[in-house]
Every structure is written in C-alpha cells, then in structure tokens.
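Given the coordinates of chain A, work out where chain B should sit on it, guided by the hints.
These protein sequence lines map, in sequence, to chains A and B. Residue numbering for the first sequence follows the working numbering, beginning at 1 and increasing consecutively. Residue numbering for the second sequence follows the working numbering, beginning at 1 and increasing consecutively.
These aren't lab readings, by the way, just hints derived from the structure by calculation. Watch out, some of these pointers could steer you wrong.
[What the hints assert, rightly or not] Covered stretches of chain B (chain A as the covering partner; in silico rule of three or more C-beta atoms under 8 Å from a C-beta of chain A):
#	segment
1	41-49
2	211-219
3	456-465
4	471-484
[Said to hold, decoys possible] Here are the simulated SDA-like pairs of lysine to any residue, each with C-alpha atoms no more than 25 Å apart in a straight line:
#	chain 1	residue 1	chain 2	residue 2
5	A	Lys641	A	Gly231
6	B	Lys255	A	Gly231
7	A	Lys592	B	Arg47
8	B	Lys255	A	Ala182
9	B	Lys255	A	Asn196
10	B	Lys122	A	Ala182
Model, not experiment: these values are computed from the prediction. Glycine is no exception: its CB is placed at the ideal position from the N, C-alpha and C atoms.
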Amino acid sequence: MIAPRGPEDVRAVIDALVSDPGYRDSIVAHQIQPAEEPKYAPLPDDLDARLVPALASRGIQQLYTHQRAAYDHATAGRHTVVVTPTASGKTLCYNLPVLNALLADPGARALYLFPTKALSRDQSAELLALMQAATGDDAGDAGTGSLLGTAVYDGDTPPSERRIVRDRAHVVMSNPDMLHAAILPHHARWMRLFENLKYVVLDELHTYRGVFGSHLANVLRRLRRVCRFHGSDPVFICSSATIANAASFASRLLELPVELVEENGAPLGERHFVMVNPPIANPALGLRASYLGVARRIASRFLKASVHTIVFCGSRTVTEVMTKYLKDLFRSRVDRAPRVVGYRGGYLPRERRGIETGLRDGSILGVVSTNALELGIDIGTLDACVLAGYPGTIASTRQQAGRAGRRQGASVGVLVLRSHPLDQYIADHPEFLLDATPEQAQLNADNLQILVSHLKCAAFELPIEDAEAASAAFGEAEDVQALLGWLEEHGVVRHTGGRWHWSADSYPATDISLRSVTSTNFVVVDTTRNQNDVIAEVDYSWAFTTLYEGAIYMVQSEQYHVDKLDWDRRKAYVRKVESEYYTDAMSYAKVKVLQILREGLGRREGKAATASRVSLVPTPVSPAFGEVEVIRKAIGYKKIKFYTQENLGWGDILLPEDIYHTQAAWVTVPPAIIEALGVPASVPQSDLIDALHGVANVLHGLAALLLMCDGRDMGVVIGDQRKDYFLQPAIPGRPAEKPPEQFEPTIFLYDQYSGGIGLAEALHPRFGELLVGALERLGACDCAHGCPSCVGPDLEVGPRAKGLATRLVSLLLAGLQPGEAAAPTSPAEASGSSV
Amino acid sequence: MGSNTDRIRRILSDGAAAPPPPAEPKLRQVPAAEVVPAKLDAELRARLEALGVTSAARTPPPARHRIYGGPDSKPAPQPLPPGLTLRPPAEDFPWADVSPAGPREAPTALERMVGAIVRETKHGSFLQVERRIPLAAFHGAIELERALDHPVPLRPHERGPCQRTALTARDAVFLDTETTGLSGGTGTVAFLVGAGWVEGDAFLVRQYFMRDYPDEDALLRALAEDIGDRPLVSFNGRSFDWPLLRTRWQMNRYKIGERAHHDLLTASRRLWCSTLHSHSLGVLERHVLGLERGEDLPGYLIPAAWFDFLRSAWGGTIAQAFRHNEIDVVSMLALFARVGAILDDPIDGVDAPGDRLGTARLLLDLGEPEQARRCLEVGLGAPPEEGTAPFDERPLRRLLGHLCRRDEAFLEALTHWRALAEGDAFDEEAHEQVAKLYEHRFKDYPAALEWTGAALEHLVEGTRAYEAFAHRAARLQRRLARMKPGSRKG
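So here's chain A without its partners, still in its complex pose (with noise of 0.2 Å):
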C-alpha cells in the first residue's frame, strides 16, 4: 500500500514538470481550474425513513445540489438528465429516487441500462449495498426472496438464473443490445417488469451518439411501446458526462420532455491541463521526439514521486507496450515495488474486477489503459492522467482527463500530442480544446434503414395498428404506413383487421446489430507447462492483426508468442516467452463499389468554373458516396525492438480475409488532374504515389476532426477498383507491384465497421472543408518536405511529396463546384459553427 500523497505534493510535481527546462519550450498550454467548493442541500422530507440511517451509514448526512435537484424532478415524475463531471456522485442521482420508490412499493421495478456489461455489474453491486443498508437485508440478491434484489441481465447470465431475474429482480441491470436482442421481443417473460416499470436509467447518455445512439432511440420507441401495451409510463432518468447539448440531446433520444441538471455541487480540487507537443529532433526530416517516449517519461515522474496516474493509450499494443516500458521502471527494485498493471478490453472479467479494486483502495499505483477505463467504472479517482495522443474528441478528452481530479487537493492531465496531423492542428490550435464546448452529441432515430430496421422488430413484438402507425410512435420524419406496406411486399408483415403482424419465419432483433459486434470471440489459450489456460478473449476483427502465428502477444505486458491459431476453433495457442521485439501486424485493404448512393456536390452545371488558388482550368472533380465492399488482409508483421523501435525483421501472415460492407466516400483524381501535377503516367510514378499517399494521410486525420470521431473509425485506401488495383504497405524482399497503364486513383475513406455508422455519409457533402483544411495543414507546416505531422515522415514518401500533395489538393480544390470551394473554412471553424 502506497501512502496517499498530500495536496501539496501533487502540485509540487505539477510545478516541477512545468518548470522543468526539458519540457518548458514543449508545453503548448497550461490550463488551470480553480478549486470549487461543495454546495449542499437537506435530504428530501418525503426520503423513506429507512434511506436516512442508510445513507448516513455511507457517510451522507445531506445531498449535493444536484442529487436533490435530480430527486425532486424523478420523483415528480418528469424525465431528467444529469450532466456533471467524474466522481461527483452521479449514481446518487438516481439510485435515491428508485430505492424511495421500491421501499414504498415493493411491487415496483425499474431497468437501469449501462452501455457495457462491466458498468451493470458495478452499478449492480453499488445498489445492492445501498438496498441492504436500507433494508437491514444481508442477502438482497434475487433469488433468495428477500425483500429488495437487483440483478445483472446480459449475456453472461447463465440461462439458470434468468427466469429469477425476469421474475423476482427489483432492479434489472442490462445493455441496450439485451434490451433490443433478448429482453423486448420476449416481452410476455418479462410482464413482471413491464407491468409495474417505474423508472428506467440510462447511464453514460453521451456514449449513445451516432449510430449507438439512432439505434438506441428506436429501441426505447419499442421500450415505450411495451410499457404501454403492459400498462406503465415510466420516469426516465439519465446521466451524462459533459456535452455541448446534453438537454436536447436526451430529448431526442427519448423523444419525451426532459429537465436538465448540470449545476455540479460536488467539491472539486485545483485541476491542472498541460498539454505537451514533443520537440522537433530531427528538422532535416521534420520528426518529432515519439510521443509515446515523452508519455513515458511524463508518466515516470509521476510514479516515482508515488502519484496515482492512468495513462491512456489509443490502442490495445501501445497499452501493452507502454505497461510494460511502465513495470520495467520498477523492476530493479526489489522489495515493495508499487504496482503498475495494464487494463484494456480482452482481458478477463476476474483479472478486470481486480483491477478495479486495486485502484479503489490504492493499491495500484498505475493503470495503463485504452478507453475502457473512460466511462464511470468505478476506480475511484486518481490524481495524475496522461494521455498518450488525443483521444479523438474533446468529450473523450475530459472524460479521460477526469480520472485525474479528487475532491480535494489538485491534480493534473497532460496531453501528449502525437505527430499525426489532427494532434498537430490541436498544437497549432489549443484553444480549439481549451475553450471550445465539447461535442454535440448527434443521432438520427429517423435513418431510413434504421427505422425500418427497428419497425420489423417492433411488429414482431406488437402488431402495430393503424392508428399507432399513423401516429409519432415512430417519429415524423417518415409515413410509417408506406414503410409497413413496404415491409407487406416483401412478405414480412401482413396487414390484416387494422393491424400489421409479423408474418415471416424469422427473429428480426438477431439481423440487427446496435453497434458493430461481431459474433464469436477468439480464445488465447496459454499452453506454458501444458497449463491450457485462458488468458484473454478477442474480438473476431482484432484476431486479424494480434493473433496470427508468430505474434507476440500481450498480457499484462507479459510477452506470449503465438505457436498456432486455430481459425474454425477460435483458439490461440500461445506460450509464454521473454522477447525483446513485439510485433506490428499490417494489413491492406481493398475496396469494391457496390452501389453510388450520391455523386458530386450538388454541382449546378454550366457555370464556369473558377479558382483563384490555382491558375488553371479546372478539371470537374466529383466526390462519391456509397456502399462498399471493404476486402482487408493481413499480410505481415513487423518485429520491433522495445524502447529503441528498431525493426528487427519481418514475418508472414497466413489468414482468410476479412470481408464486410461498409459505406465510403471517395473521390477520383482525373487524369488532366494527374497530367496538370507533371507526373505522367510514363514517368516513374513513384512520385504520384507518394504524392497521394500524402494528401490520404492528411485527409484521413482532418477527416476525424471534422467528423469528431475517433482516427480509426474510417479507413484510408488508395486504389483504381476497376483495374483492381490498390495501394499496399511495403514489404522488403516482396517488390511492390507496379500500378497499371491509365491509373486512374481514387483515395477512398470507409466507415470501419460493417454496415457503416454514418460517417462517410456525413463526410461527403463536407468534401470542400475537408480539401480547405488539408490545404491549410500543408501550408501551416513548418517542415521541408514532408513530416509525419502532414504528408507523412519523408523517408517513406520521398521528397517531392508535399509539394507535389499540396498541388494534388489544389487542383482537387479547384476541381469541386466553386460555391464549395469559395467558402473557405477551417476545421476549427467548421466545427466551431457546428457547436
């Protein structure tokens, strides 16, 4: 056990980091929030009088203002939204309201709904406790008929416990895609809870956004639907962490009327935001010191001076990576050498649970982690963050930066940017993070194919009727009744009495996915001394680029080579070795149109078109969207040296390809484009090639900024699909095949998860910004020719290719209808307007 630090001794190692003369010139800003102190109200007269001994047991003689102004809204009956930031004693908010309500009716039952299975076991035990104090009931679980029980229902539940929980639980804890998969088509089973739902909680609001959350709006259009047909009305309460339009939001996702509360009155010590740009260190080449070295080296400090840091890390190796260069700091010391774990998805719910509890009560001193420690898992709070690359969105920022801030006493998030063009457009522009309200959180529970998606599982659990089609049951934006009788076409619904029946031979809710999961899970199976354990679970598209054989596998930062992967079994068989290197899978994509859904930006032809940037005559340049068929093959690894990153060889990799259909948006360069760069096709066309693999690098990160969304929800692929030919990493000892005669490339950017979650769609009529930005970002960049910050470092694209890019992007510019092109915003501005 580590002594917890004082005040005083985290500020003073937030002054020595920024006065150190090693980051001083480093730093881009350093943002300061004052201390806040806490502002109290009286427990509520009409509290059950068994709450008051209860909460007084844990400590809580009176409320926070905004658990009061939560409870008085909850119980009055009007749907809420709580917005306020980490460890502000959110779950108070609405844990009070449905304890009063279940105390005073043991008959009543409400659904909390977590957006991962992780967060309902948590909130699930947290209830629990609260209900026994309350009750003076030792054993509140469901199944053992005590007066009040919460339990988790998701996939885990062994199907033994399940007719309990339908039967006996007070509290249900589940996920929506239990809510949407499982619990709503069966909702006969559930009459029990349907029958007598007060209130229904949903936590984490802001993750529902997108895609997550269109679907989630209409499973709750089917949530209500339900609870009519049984009889309830229930009372939403939700929570949120801190977006622009949390309010309207909520309403949109709930389609009902909801109070806001987003007064915090919970205390809040000094709180410190640094963020660091790693110093150029080799101008000649444009190259940064790695991010990932500066991470450390910020992150050791801490931990040294025993401060309770989380470092996140933007992918699940560079986790393993920097747990590991993290546990080797302390390695030397023998004795009592604090400890510092790794935490990512993969890892075992036990290992996880541990995990957890080691944060809570101190016992670890450092976590690395992706963004699964993001949302409001409790591990207490922590009182340094660092933050290895930005996360991608400003919420994800504050949210991880969150974790770092206890009630009293300062404490700091350090931001280290990356050398990618979206973390150097942040350094150029930190007020764009500093000032700027979060993220609008956006959803579309009017998407056409979601809502017909959502309409065949909502017949299957009521016949909908006439009048309810007609209704806004379903929202305003479609004729609900032209969709059935589409749906009647093709022989899944039948409209019969005034009503539309299912009519097929199939379970609707099993075809639609709420996000993108796919289905069976990779096993690693540690066979060192013929253990045959399982160490950690895999998602099926991880598998591709972390379990081919020869891969070193990370656990804990534990190194396990992976002697034989067993495709049709979903098994990993791995051993456990002492490796020098970790391995770097690459993968190429292709992609193959399917269907162009829009072209051109709305061009009015027969205007001529001008440009003022570029003096020639513009080449008609017409960005697509459709659907895709995304072709992805891992090809290779890379073996890399720890701490020194030398590549120390290569391997093959032999696995099936990965095939699924996406939406993408794309545009193809005209061959007078190609001819105006100079580079023709008889020209070695290396310099073509670099040029465009430097303006998709730039378009892929700005791409992410304009569309808040994490780099690596959309793909980058640069290919001419009609003659087959795409773009692929380079491989030593494999020559790169040449591109055709007449390349025509199209630099194609996809939506990374099958089927699509909107971000092409949204991209497309946005092309102009996207080109102005890129067009800004080269021009803004102080290297010579080309660094990993624009076009990428110069040794792998050569030396003409920012040149060559920033006239690629010109002439694409140009080539765009001129009333895009001739409103020139940034991506700052852009998203600056949209907020």
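Structure of chain B alone, referenced to chain A:
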C-alpha cells in the same frame, strides 16, 4: 374443382370412423388476401431499394431446435430393432393424398379439404377439425388402448402446482402446435394447435386453426376452455409449445393456469439414450412405435405453408400440416403407452439391454435408486441376445459403480470399478475410484498405491490429473512409511 376434392368427398361419405361430413351451410369462403394499396411514393421506394435491406432472410433454425424430423433427421438411418416392421398409420387422415400439385386456379376451400367447421365464439371464429380414432386401432405396432394400462410417473419438476406424481392417459390432454417459426418470442404464433384426449373408447383429436391473425383470440380462448385445468402430455412442449402458447395467451390478455406437464421428449432421451442416435419424433416413431408416416410435410416447411396459405388462400399445402399435426398427437399417445409400460416393469419390460442404462437414469430422476440399480444389474447379467450387436457395457458399469458406492456397497462398487480399470483403454476415473476405495474404505494402502502408480504410467506429467494422482501417491507412501513401525509391533 379438381379430382382431389372429389376424392375427399368420396372418402368422407363412406368412412364409418371418419368425422361427420362438413355441414354445408356452415362453410364459409376464406376471405381472399386483403390487398393494400401501394401508398409508397416513387422516391421513398427508390431510397428503400437503395438500402437493400429487408430480404425476409429466413434464418435457419438453430440445430438444437430441430427435433421434429426436418432435414437433419435424415442422415441417421439406423437399423430397426429386430422384430419391428413398419406400418403406415392405420387410421390415416382421409385426405392424406391431398397433393400440392392440385389445381391452383381457384381458391379451394380449406374447410372442405380437411373437413373443418367454422367454430363461432364470442370473440370471433376459427376453423376446427375433429376426429375420433378408436382406441382399438393400431398406431404402428402399438395398440392405442395400451396407453390406458399404466400411469406414467412424473419427475419432480413436471408435477405442477397440485404435486401430481403420476399421469394417466385418461387424465391428460396431448398437445402439439404448428407455429410460424421456431425462434420463439412474441412474434411467433401457433396457427394450428392439435389437442387430443381420451373420450369413451376413442382418442379424440381436435385441431384449432387460424385462417388469419384475427382468429387468434377466439382460438386461444376456445382452446383454454376445452383443456380446462387438465394436465398435459407433449413432445418438447415444456420448452417450446407450452411457453409459446402461454405467451400467446398473455399477448391476448388471457391468463392460463399452470398444471402438471409430462414431456415425452425428455423421457425418450433418457430411455433410448444409448440405442438411438436421434430422438426426434420421426425416429422414435420408426424405431419405437414401428410407424411409417408416409409422405409428410416436413416440420421446417410448415411456417412457409401457412404464410403461403395466407397469401394465396389455397389450402392444398397447409392441409398437409393438419395431417402432420394429427400424427404427432396420436404418436404421443402411442409413445405414452410405451413409456408407461417400460416404467411399470423396468426389469422385464425392456427388450434391448442397451436401454437399461437409459431406464436406470430415468428411474434415478424419478427417485427410484434401488430400481435403477436392479435394472443395471440385470442389464449387465443378461446374456447377449442372438442377432443383436454386442453392446458397450461400460456406461452401465460406471453408473452402477457410482450407485453402489453411494449405497455404501463398497465391495460391489470395487468389483465394477476394477472391471472398468482393467479394461483395454486407460480409464482415469476407474483408476481413481479403485484407488479411493482401497485407500479410504479398505485401508489397503499397498493396493491403492499400486493402482495410483498404474494411473501415473498413463498420464502426462504436468497435467492436472497427473498432479492429483502424484499427490495421492505421495500421501500413500507417507502412510505406508508411518505404518511400518506399527506393523512390526503387531
């Protein structure tokens, strides 16, 4: 009108045991499929088509649900038990040869095809078919009357709120449904329900059929009234038909009482666990009842047949589902007779020794461990019957070994476990049991050590099993070492 209908008329007019001819005035034309005007404007249609959603993709039912015949019951052509010859259903549906190839030009009234009446109720109407099958009739090799001979004991979870311990064929309603799918959930309906009960000297099978969705309410209420609070016999009904019907009643805001419910599938799985590879009703019919169904509409095509009927109002295919459903119900009665006979005399009532294992397991479920033990002992002792394949007696011994040990008949347990341990293939469990018995019951440490050592020779070092035996060996050696001075004293 095609020749089929004529033929049906002819059959209906002369069969004495056939149902009463349909009363002509009650016949009502099935309403033609309602036509919905396509209100879809061209733009919306184009958008929908661009999405490419909504192929009514029929998801193949999960394998574990496919127990009603269907495609997977084909690849197990097991030889029939000796002495059993297949017979067609003696009291077949009179319109058994209604062929899907019949005339399709005009809607053919389903009522006439299957001899149905329209049953009018307060809540609407539906089609009803009723047939009386004399109990003296044979279903395959089984005389239906035999079902009255023995009550079938109920396992604890089958007993219902009244804690009924056994069920007679006269008490029960035999129930089977045809549904729009196997996936369950509130969107699956039972469009055809067959219920059979004994009435006088006949087995009465009443079938309830929805001509379209609006018939459901009337059908369900009439069904609930007809079966009252009688206990049920079904085939897989505990997990499929009954929960589905209960959901349908709930969806129609009707409450139905719980009751005793014997599921013949679970009993059959036990009874013929080692002799049959599959326990679909089709396989049991052939191998246990000696019934040849003849041309039958396979279960997996039945939902499509109903949807097709809804759209076309032509009854030719769906009529086949009536026959399929009726045979299912009658087969249940015959199977009930068989199960009752076996459980009435588990020692002498079973023919092939392989069945002894299943019978013993079922007896254990029923709380009859002594009977189970005897059944296994008889099975092991019986000389192999002529003409039957030699059977694997090890599972019988294994279960018997456990039972003897539980009954503290340690010597007998040792005999059985040693017989298993001395077999050709290495048997880890048997070695463990023998070693345990020698060590803890007979205090014969050298013998225990000998068997432990024998096991270690077969096991791979480092595995959990190896570690367990090694641990045992070490303990035995310590015990032996401690005993040496003692033995000198003695």
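Results for each hint:
1. 41-49: Satisfied; 5 residues make the cut.
2. 211-219: Since 3 is at least three, the answer is holds.
3. 456-465: Contact hint for the segment 456-465 of chain B vs chain A: holds, 3 residues under 8 Å.
4. 471-484: violated (count 0)
5. A/Lys641 x A/Gly231: violated (64 Å)
6. B/Lys255 x A/Gly231: holds (16 Å)
7. A/Lys592 x B/Arg47: holds (21 Å)
8. B/Lys255 x A/Ala182: The hint holds at about 23 Å.
9. B/Lys255 x A/Asn196: holds (17 Å)
10. B/Lys122 x A/Ala182: violated (35 Å)
Consistency with the previously given hints fails for numbers 4, 5 and 10, ordered from lowest to highest.
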